[in-house]
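Enquirer: Numbering (my numbering), first residue to last: 697 to 799.
Don't read these hints as lab results, they were simulated from the structure. Note that the structure is a prediction, hence the values are computed from the model and not measured. Among the hints, erroneous ones may be present.
As the list claims (entries may be wrong) - Below 20 Å or equal to it, Euclidean Cα-Cα: the simulated EDC-like pairs (lysine to aspartate or glutamate) are:
#1 771 with 733
#2 768 with 790
#3 771 with 727
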Amino acid sequence: SLQGKMARQTPEHVDIGLVEIPPEIITCNLDVIVIGDLMFVNRLPFLVLISRNITLITVTYMPSQTTADLNKGMKQIVSVYQRRGLTVTTAMVDNQFNPLRGL
């Protein structure tokens, strides 16, 4: 049996770099519609937003499901779009996000 007899090899480092977005994509999709919901992985909540036209998937960990944390998570993800010159105009979410209307 090989169990306990093999040494673990160090995995390769994953380089996370920014990818330049072609100007054609930005100019054609300045206004972004996102669809979002909470997803649970091992009972940990994550806010997942998918942009409708550019199919960008953004995920952020949610420490809790309170209105304050949902608002903070939405603002974090919207700022990702804003840094690239895009504007989130509509967020299609379920009733759990109703307290965020108008914020």
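Enquirer: All hints, please: hold or fail.
Expert: Hints, one by one, checked against the model:
1. Taken as a hint, the residue 771 and residue 733 pair is honoured in the structure, with Cα atoms around 14 Å apart against an allowance of 20 Å.
2. For a cut-off of 20 Å, the pair hint linking residue 768 to residue 790 stands: about 17 Å separates their Cα positions.
3. The suggested pairing of residue 771 with residue 727 holds, with an alpha-carbon distance near 16 Å, which does not exceed 20 Å.
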